[in-house]
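Asker: The chain contents come next:
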Amino acid sequence: MGFVKVVKNKQYFKRFQVKFKRRRQGKTDYYARKRLIVQDKNKYNTPKYRLVVRLSNRDITCQVAYSRIEGDKIVCAAYSHELPRYGVKVGLTNYAAAYCTGLLLARRLLKQLGLDNLYAGTTEVTGDEYNVEGVENGPGAFRCYLDVGLQRTTTGARVFAAMKGAVDGGLNIPHSTKRFPGFDAESKSFNADVHRSHIFGQHVADYMRSLEEEDPEAFKRQFSQYIKLGINADQIEGIYKNAHAAIRANPKVEKQAEKAPPAAKKRWTRRKLTLAERKNRVAQKKQSFIAKIQEGQAEP
Amino acid sequence: MVVIQRVVKATTRKGKKILLKKEPQVAEGPKKLLFFQGRRSSEKLRRLSKDLYDLKKPDAQMLSKKNDITIFENATPVEAFCKKYESPLFIMSSHSKKRPDNLVIGRMYNYNLLDMIELHVEAHEGLKEFACSKIALASKPCLVFNGPQWEETEVFKHLKSLFVDIFHREKVESVSLQGLQHTISFTATPEGKILIRSYKVMMKKSGCKTPRVELEEMGEDFVFITA
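Here the protein sequences come in this chain order: A and B. According to UniProt numbering, the stretch in the first sequence is residues 1 to 300, in order. According to UniProt numbering, the stretch in the second sequence is residues 1 to 227, in order.
There could be a bad hint or two in this list.
Said to hold, decoys possible - Listed below are the simulated DMTMM-like cross-link pairs for lysine to aspartate or glutamate, each with C-alpha atoms no more than 20 Å apart in a straight line: (1) K14/A - D68/B; (2) K140/B - D147/A; (3) K97/B - D68/B; (4) K73/A - E129/B; (5) K73/A - D54/B; (6) K57/B - D72/A; (7) K83/B - D165/B; (8) K34/A - E170/B; (9) K134/B - E217/B; (10) K34/A - E151/B; (11) K128/B - D72/A; (12) K57/B - D234/A; (13) K48/A - D54/B; (14) K134/B - D128/A; (15) K128/B - E70/A; (16) K21/A - E129/B; (17) K34/A - D59/B.
No wet-lab data here; the hints were simulated from the structure.
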């Protein structure tokens, strides 16, 4: 073995420049963020709003945000864990739930701004392409841009379900149908019926039916929560239809009552000993050791 | 005072594109600002640099380490920094017992030093001390210069052109009223102090089409003294 130069020496660490914190955490794509927040050179310097959609393993977060120097401010937010209030109890991260969350956000935001009667979006959900048109004598439609974050934008992704929900709710978000389920890549055509069936969870219902026939064990494991609540494959469309109506009826935020903290707080670690307890412990150890010497079994 | 550098040749196509981007362009983007420290820096200066950096984002870069640079004797390391980070403007903060709380603002032409001015910071109140919501990121400010000295004295004329260069962002053909959110006012007192205040522009409803403009103080207060 010859001489090997240590790469990570003192000079390396002295001159090392770390990336931005959120880049180190892998949470923010600064290339995309710069283009979403800073207005283009040739455009006027109008403020930009963005529709932030983030998916986690058990929840979907939709927010409308704008940026200030001291940090981003959120205008309005909707989460899919609020959907049980509107009748959707299970399947909170599927395509249909994402659509509901986007719809909830749009209706909530428009109600907050006082535009909900002016811009109702589409009440008939067809899955077809729909763009909000501004009213002539009155305030324009609320325009924002979709911010997917670090998610992969494949055809049929759930982020676009949230965006479609928001558009159908009345927000003006520039988009194309290329990434909705039902878009055929070879023929470059969009089939709105397939999209509609996805919005109403029919793909989940079809899977439920086929799994129940073929493999009952796997069915019990996969759809255990559905079985527990007694939801059939045929009821799924109705659930989402009712949810849409309920969302349009009352999109207001409902504050949860603060949970009282439990009387006895659970401990995971051992409690520290007090001074008296420690002294007592030492004294007892000494006593037992002296007793052992006197019996002649331990060395002094 | 040309910086001699090894000829950097690109081996990959991506590297070649990066090098081409660094070449002089026909239409340049907004001027970038580089913040760095001298041998020692004080807390006041660090806060001030951070606030100016926040105002100037995303066209700014802040370096965190101290550098052993005596700028008025040898400016070559500064030219190397500016060339590396592609910033024609720089602000260096340095603090020593004999010259406390000093800021050196300078600019480059073709990455050779064009001019620089040393300012002493007397007082500074940051963005956090003003409890109100601030402006959007990267908005072009309106600059207001108060006082006759900005036109009369040589030093102040020079400083005015430096300040305009720093806050200028990109060149735009037209501006929308909604985009005018930020105003910075520079006042030159007869003693030679420069007071800088930063305001948020609020457009209120008025009877006619042009809105009633109100300024709310949102930003930093600097008091500079020319050394």
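Asker: If a hint holds in the structure, say so; if it doesn't, say that too.
Answerer: Status of each hint after checking the structure:
1. At roughly 14 Å between alpha-carbon atoms, K14/A and D68/B fall within 20 Å of each other, so this suggested pair holds.
2. At most 20 Å may separate the alpha-carbon atoms for a hinted pair to count; K140/B and D147/A exceed this at roughly 24 Å.
3. For the proposed pair K97/B and D68/B, the alpha carbon gap of about 16 Å is at most 20 Å, so the pair holds.
4. Distance hint between K73/A and E129/B is fulfilled; the C-alpha atoms sit about 19 Å from each other, no more than 20 Å.
5. At most 20 Å may separate the alpha-carbon atoms for a hinted pair to count; K73/A and D54/B meet this at roughly 16 Å.
6. Using a Cα cut-off of 20 Å, the hinted pair K57/B and D72/A holds, with the two alpha carbons roughly 14 Å apart.
7. Distance hint between K83/B and D165/B is fulfilled; the C-alpha atoms sit about 18 Å from each other, no more than 20 Å.
8. Proposed proximity of K34/A and E170/B is supported: the alpha carbons are some 15 Å apart, at most 20 Å.
9. Taking the CA atoms of K134/B and E217/B, the gap is about 9 Å. The hint holds against a cut of 20 Å.
10. For the hint pairing K34/A with E151/B, the CA-to-CA distance comes to about 38 Å; that exceeds 20 Å, so the pair is violated.
11. For the hint linking K128/B to D72/A, the alpha-carbon distance of about 15 Å falls within 20 Å, and the restraint holds.
12. Restraint check for K57/B and D234/A: the C-alpha separation of about 54 Å exceeds 20 Å, so the hint is violated.
13. For the proposed pair K48/A and D54/B, the alpha carbon gap of about 18 Å is at most 20 Å, so the pair holds.
14. Straight-line distance between C-alpha atoms of K134/B and D128/A comes to about 40 Å, which puts the hinted pair past the 20 Å bound.
15. The suggested pairing of K128/B with E70/A holds, with an alpha-carbon distance near 9 Å, which does not exceed 20 Å.
16. Pair hint K21/A plus E129/B does not hold up; C-alpha atoms about 25 Å apart against a cutoff of 20 Å.
17. Simply put, K34/A and D59/B have alpha-carbon atoms about 11 Å apart, close enough for the 20 Å limit, and the pair holds.
The structure fails to meet hints 2, 10, 12, 14 and 16 from the earlier list, while all remaining hints are met.
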